[in-house]
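There are 2 protein chains.
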Amino acid sequence: MEDIVSLKNQQVKRWRKLRSRKGRETYRTYIVEGFHLVEEALNTTTVEICCIMGSEKALALLGKVDHLCPIYHLTAEIVAELSETQTSQEIFAEVRMPQLEENLKLKGPYLLLDAVQDPGNVGTLIRTAAACGFEGVVLGKGTADAYNSKTLRSAQGSHFHIHLVSGDLKQLIQKMQHENISIYGTALHQKAIEYKDVSPQEVFGLVVGNEGAGVSNDILQAVDASLYIPIRGGAESLNVSIAAAILMYHLYDPQ
Amino acid sequence: MEDIVSLKNQQVKRWRKLRSRKGRETYRTYIVEGFHLVEEALNTTTVEICCIMGSEKALALLGKVDHLCPIYHLTAEIVAELSETQTSQEIFAEVRMPQLEENLKLKGPYLLLDAVQDPGNVGTLIRTAAACGFEGVVLGKGTADAYNSKTLRSAQGSHFHIHLVSGDLKQLIQKMQHENISIYGTALHQKAIEYKDVSPQEVFGLVVGNEGAGVSNDILQAVDASLYIPIRGGAESLNVSIAAAILMYHLYDPQ
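Protein chains in written order, with our numbering: chain A, 123 to 377; chain B, 123 to 377.
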């Protein structure tokens, strides 16, 4: 265990840069905060942990770490500098982003996010897709960063259990369609199909869209069919994470 | 239109009291903030509006109000005092809570909330239940207040389109079962039934529980059956609003 006592320490400077998307994309790492996420990272064999850091008390609470990564003991001042929560649990891990894969496997369903802006929604969508057994989530242009601290918090550790990629949705849709995989959009317009009229299946793509504007028109034109969820009783709409959950759990039949 | 310029005005004092649950229960009214909620209240014939209030600019933007309620023009200081949002739209309505009904109609499905603590979850649950066409939501002991400003914001005006009641869940479950209405709990235990094995139906009760503890044991013992949603791929759980949405949309068949 190494003590870090200065805010000017090189590691601290680096961790501070990981707060921004640009910094995370430069180093290809991100920071998770809190016992739940740190323990989940430690317990997932496919996750590469660069280091663990925290206050003396928090490191003691975490207990023995069976992991060959450096452990840093931080001062209260540095903990406060790194924390992005209101009441910090004073424990962090720096985690390596998974390698970008050139070719998606396409052996299970994918959730495609078209400009979903709210990090809380993106986190919940990742969490639900992982729980439903989806193979991956593709974050299209304009979507909140998967490694934003708010996204990480609302995903509750699901980042470690599902394939996450950033990509051009139109290209991916073409590629999937080329492999005879159906892609479903979500829409409110008249030509859309009520989702329960589509049979559950094993491999498909489902696109959900921006909180205000929905799925963009050029993507709706590219999909095989658009689905809608009936809205009854005078209500106006469903939250995007809710709508996606209803569709994912209806459409996916893992055989 | 009446101008209110002093923070010590009796109306302002009263509105300030409506910030707390105790105040709202004393006056049986609550405040909605922002154009969307105020307009939704104005457009819903069953909603009784006590008054509209806002800054000069916001009242001008709202336009002519076809409603026989007083309209108050507030100073910036009073607007700041009343607002519960980070960037206020400077428009409010005081709305009367619906009368407590002694007897629920029980002609459609009800969502029962057992100690759901987070106001954002309670709001999303109300919004989803309304969209799904549920007849009502019953807020059991320990559940966040339906008229909390955060609940109102995440429900997006659905309060006006669904029957909301606070009540003792065990008594209500007994009453519903006495009328041969099935009540479903949600659980992760082995005796639970996979939700897709239950056929869609027209009238039923669905109980969802606390974010950490789930549905309490004494309620699980009273329900007709407990349902579970399969969690795959290493994920741990679903958010309560997400789980409830999947179950509501699967279970309800409006005929």
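If you are wondering where the hints come from, they were derived from the structure by calculation, not from laboratory data.
Among the clues, some could well be false.
It does not matter which identical chain is used: a pair holds within one copy or between any two.
Here are the simulated EDC-like cross-link-like pairs (lysine to aspartate or glutamate), alpha carbons at most 20 angstroms apart as the crow flies [as the list claims (entries may be wrong)]: (1) K318 - D375; (2) K313 - E178; (3) K272 - E358; (4) K272 - E333; (5) K186 - D290; (6) K272 - D240; (7) K318 - D240; (8) K229 - E333; (9) K313 - E301; (10) K318 - E147; (11) K292 - E124; (12) K179 - E161; (13) K130 - D346; (14) K135 - E324; (15) K130 - E358; (16) K229 - E206; (17) K263 - D290; (18) K318 - E161; (19) K186 - E257; (20) K313 - E199.
Against the structure, the hints come out as follows:
1. Taking the shortest alpha-carbon separations for K318 and D375, both the intra-copy value of 13 angstroms and the inter-copy value of 11 angstroms come in at or below 20 angstroms.
2. Neither within a single protomer nor between protomers do K313 and E178 lie at most 20 angstroms apart by alpha-carbon distance, with minima of 60 angstroms and 43 angstroms respectively.
3. Only between protomers do K272 and E358 lie at most 20 angstroms apart by alpha-carbon distance; the minimum there is 18 angstroms, versus 27 angstroms within a single protomer.
4. Both within a single protomer and between protomers do K272 and E333 lie at most 20 angstroms apart by alpha-carbon distance, with minima of 17 angstroms and 18 angstroms respectively.
5. Proximity of K186 and D290 under a CA criterion of 20 angstroms is satisfied in neither setting, with 42 angstroms inside one chain copy and 46 angstroms between copies.
6. Taking the closest pair of Cα atoms, K272 and D240 come within 20 angstroms of each other both inside a single copy (9 angstroms) and across two copies (17 angstroms).
7. With identical chains, the CA atoms of K318 and D240 are never at most 20 angstroms apart, being 27 angstroms at best within one copy and 31 angstroms at best between copies.
8. For a Cα distance limit of 20 angstroms, the shortest separation of K229 from E333 qualifies neither inside one copy, at 29 angstroms, nor across copies, at 33 angstroms.
9. In this homomeric assembly, K313 and E301 never come within 20 angstroms of each other (Cα to Cα): the closest approach is 25 angstroms inside a single copy and 41 angstroms across copies.
10. For the identical chains of this complex, K318 and E147 are neighbours neither inside a copy (40 angstroms) nor across copies (41 angstroms), given an alpha-carbon limit of 20 angstroms.
11. In this assembly of identical chains, K292 and E124 lie within 20 angstroms of each other by CA distance neither inside one copy nor across copies; the values are 48 angstroms within and 55 angstroms between.
12. Within a single copy, K179 and E161 get their C-alpha atoms as close as 16 angstroms, which meets the 20 angstroms cut-off; across copies the closest is 51 angstroms, which misses it.
13. Within a single copy, K130 and D346 get their C-alpha atoms no closer than 54 angstroms, and across copies no closer than 61 angstroms, so neither meets the 20 angstroms cut-off.
14. For a Cα distance limit of 20 angstroms, the shortest separation of K135 from E324 qualifies neither inside one copy, at 46 angstroms, nor across copies, at 59 angstroms.
15. Taking the shortest alpha-carbon separations for K130 and E358, neither the intra-copy value of 51 angstroms nor the inter-copy value of 38 angstroms comes in at or below 20 angstroms.
16. Neither within a single protomer nor between protomers do K229 and E206 lie at most 20 angstroms apart by alpha-carbon distance, with minima of 36 angstroms and 47 angstroms respectively.
17. Taking CA atoms no more than 20 angstroms apart as the test, K263 paired with D290 passes inside one copy only; the shortest distance there is 7 angstroms, against 47 angstroms between copies.
18. Within a single copy, K318 and E161 get their C-alpha atoms no closer than 39 angstroms, and across copies no closer than 33 angstroms, so neither meets the 20 angstroms cut-off.
19. For the identical chains of this complex, K186 and E257 are neighbours neither inside a copy (33 angstroms) nor across copies (52 angstroms), given an alpha-carbon limit of 20 angstroms.
20. Proximity of K313 to E199 under the C-alpha cut-off of 20 angstroms is found in neither arrangement, the shortest distances being 58 angstroms within a copy and 50 angstroms between copies.
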